[in-house]
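Chemist: In case you want the letters, here they are:
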Amino acid sequence: MSEITMVEAINLALARALEEDQNVVVFGEDVGANGGVFRVTAGLQKRFGGERVLDAPLAETAIAGMAVGMATQGIRPIIEIQFMGFIYSAVDQIINHASRMRNRTRSRLTCPMVLRTPHGGGIHAPEHHCESTESMFAHMPGLRVVIPSSPQRAYGLLLAAIRDPDPVIFLEPSRLYRLMKEEVIDNGEALPLDVCFQLRDGKDVTLVTWGAMIHETMQAADQLASEGISAEVIDVATLKPLDMETILTSVAKTGRCVIVHEAARTCAIGSEIAAQLAERGLMSLFAPVQRVTGYDTIMPLFRLEKQYIPSTARIMAAVKKTQEVS
Amino acid sequence: MNASERPDHSPPLGSETRVVAFEIKHTQIIDHHGAPLGPLPEFAKDPAELIKLYRAMVLTRLFDNKAIALQRTGKMGTYASSNGQEGVAVGMGSAMQPCDVFAPVYREYGTQFMRGVAMHEILLYWGGDERGMNYAQQRQDFPISVPIASQIPHAVGAAFAMKLRKEPRVSVGVLGDGASSKGDFYESLNIAGAWQLPVVIVIVNNQWAISLPRHEQSFAATLAQKGIAAGVPCEQVDGNDVIAMRYIMERALERARNGGGPTLIEALTYRMSDHTTADDASRYRPPAELEGQRQFDPIMRLKNYLTHNADWDDAKEQALQAECSAEIESEVKLYLDTPPMPPESMFDHLYETLPAIYKEQRDEVMQLGATGGGEDHV
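Line by line, the protein sequences are chains A and B.
First residue of the first sequence? That's 1 in the working numbering, and the numbers climb one at a time after it.
First residue of the second sequence? That's 1 in the working numbering, and the numbers climb one at a time after it.
FYI, nobody ran anything at the bench for these hints, they're computed from the structure.
Cβ coordinates follow ideal geometry from the N, Cα and C atoms, glycine included.
One thing to keep in mind: the hints can contain errors.
No more than 30 Å apart at the CA atoms, straight line, and that leaves these computed lysine-lysine pairs for BS3-like [what the hints assert, rightly or not]:
hint	chain 1	residue 1	chain 2	residue 2
1	B	Lys-316	B	Lys-303
2	A	Lys-203	A	Lys-181
3	A	Lys-46	B	Lys-303
4	B	Lys-52	B	Lys-333
5	A	Lys-203	A	Lys-253
6	B	Lys-163	A	Lys-46
7	A	Lys-181	A	Lys-306
8	B	Lys-66	B	Lys-333
9	B	Lys-359	A	Lys-253
Over 12 Å on every C-beta distance to chain A, these chain B residues come out as not near it, computed from the model [what the hints assert, rightly or not]:
hint	residue
10	Val-20
11	Arg-55
12	Thr-78
13	Ser-145
14	Glu-167
15	Ser-188
16	Ser-211
17	Arg-255
18	Asp-280
19	Ile-299
20	Met-300
21	Gln-318
22	Ala-322
23	Cys-324
24	Thr-353
25	Leu-354
Just chain A, same shape as in the assembly (with noise of 0.2 Å):
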């Protein structure tokens, strides 16, 4: 068994998925005979047909919509928005409606509907390429917002989003589309959703993240174990609904938490670990709670998005100032 990138995973998952349900339907600008500007649904229009994975016109708004009206009537859409910067004209029908058919109709209508789209900077990609708002659908009831941080957990993931009764973001972060590989079997099987991943063992920090910044945490935890400190890393995966169980039973054994986001600080997903830190684990806390977060300011074009990117140097930092305390 060859490993293999992110990118692939994400197009095994969605192969199977179409092989396994004659419901699932993948559309989006470029997805089909392009195989989508990453290449994610390569080859996938030519295995099955242009009915079933085809390009959309352009227009963000009627393709979410449209997964909406194909979901209540049982159909299985699949639907990739090419860049997250492109997502707000598609929010009025994920939220005024996508995230909510259930809840109208008493269940009469539901939407299970799985929305694809890269997320996350790094990448040298042009302006609005690089976002990280997972927070504002986070925010949204009735809605699961998913991230994965290796082909693994991509293909686990992103075949039990698809196979979730309920509507779903998934966030994939463009930064680790190519940036490792990995064995991943293909075997059909799904991971859980709602549930976080614990990646490393320790008993002196957790910290806590998701998506591409596991990268530079996991650089982090290395080089912190070096220095004698051993950092448990969550990868949290499942951003709505949050597993605060597992970010908890950590704490209580570290006592001391650093919570890392690429997206800006105010009102991040950051924010609400922290408040429940704040409500339900305080007690465990030998140190305030650390974030390590983007700035509050607009991503910057490329030229300085290492400097807004966490850095595994300002994760660092953050663990010392938590290690101050005793």
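Fit chain B to the known structure of chain A by using the hints.
Modeler: Relative to the frame of chain A, chain B by itself:
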């Protein structure tokens, strides 16, 4: 200005040829006095069939009056009246088949009733209860859509589902004249054309988008012509002529059902009510305009036709009204007798299975009970 002319009437330069020409047709079958303007469609030759349409319009009007009364007496929330638009709604409803899918705005009660949506469900909805969108019949129909034009992508998506499954069904999406200015409508109309989907999109042009009159909404001579840019066949119909409305609608549905693709219909009508019970149209609409429109009332028009052509008389009219009123009263009773849902039910249809993290919030709501934790809660 003719659309083919240049704004400044300048002479052409170089080679100029007409690439394509367009026209919009308007259909009316009986005039506003109820007199036929030509031969009637087959269904309209049967008086019993026309009386069915008449009954459906009268029922809708009487329901409307009752709903407004319920709101005015504090027994229901804000309500959007369909007064004046019954011809459009009943025309659509009578043309559709039960297997079709309907994506309405909030003034298509006439269509919804014909499709089996219960009056007490509509009352429950405006009475602040989600169960009013859980239609016992027509399980596949969409609930009323409040965000303007956002239901048109749903109708087009449903049509795509039908096409994928090769089902002989049609999806019908309705929007208002104001909604025809929105991107949701243009985007999905374009895709309906590009993918040749079995959908009929109906613009119910009631001349007012809350306070904005039709002529300020768009400089386009018709709203039907918005289909031209999308390559979607489009036409205009007198929506207050229920016979014409049903006829045009049936034709569009049949074409869609047979693989002929989408149609855009602009139905001309008039909102004889305020926008909703929370609105006062006298602030922006000249009273004389409203009075002038009464002569075009769709119900009066068909009644005149029936009086002259089907022995309709006062006795029959009174019997019909009494029958409709009794039906409405029993539905109102069902609505008023429906106890509220338990407060914790607000969690019960968020997801198929409520994630564990929300159980604590649900328990809190359940514990605080109907008063939300205190009688002083307003």
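Chemist: Please go over all the hints and tell whether each is borne out by the structure.
Modeler: Hints and how they fare:
no., hint, in the structure
1, B:Lys-316 - B:Lys-303, "holds, 11 Å"
2, A:Lys-203 - A:Lys-181, "holds, 28 Å"
3, A:Lys-46 - B:Lys-303, "violated, 59 Å"
4, B:Lys-52 - B:Lys-333, "holds, 25 Å"
5, A:Lys-203 - A:Lys-253, "holds, 6 Å"
6, B:Lys-163 - A:Lys-46, "holds, 20 Å"
7, A:Lys-181 - A:Lys-306, "holds, 23 Å"
8, B:Lys-66 - B:Lys-333, "holds, 12 Å"
9, B:Lys-359 - A:Lys-253, "holds, 25 Å"
10, Val-20, "holds, 20 Å"
11, Arg-55, "holds, 28 Å"
12, Thr-78, "holds, 17 Å"
13, Ser-145, "violated, 8 Å"
14, Glu-167, "violated, 10 Å"
15, Ser-188, "violated, 4 Å"
16, Ser-211, "holds, 23 Å"
17, Arg-255, "holds, 20 Å"
18, Asp-280, "holds, 27 Å"
19, Ile-299, "holds, 31 Å"
20, Met-300, "holds, 36 Å"
21, Gln-318, "holds, 38 Å"
22, Ala-322, "holds, 34 Å"
23, Cys-324, "holds, 27 Å"
24, Thr-353, "violated, 8 Å"
25, Leu-354, "violated, 9 Å"
Violated hints, listed in ascending order, are 3, 13, 14, 15, 24 and 25; each of the other numbered hints is respected by the structure.
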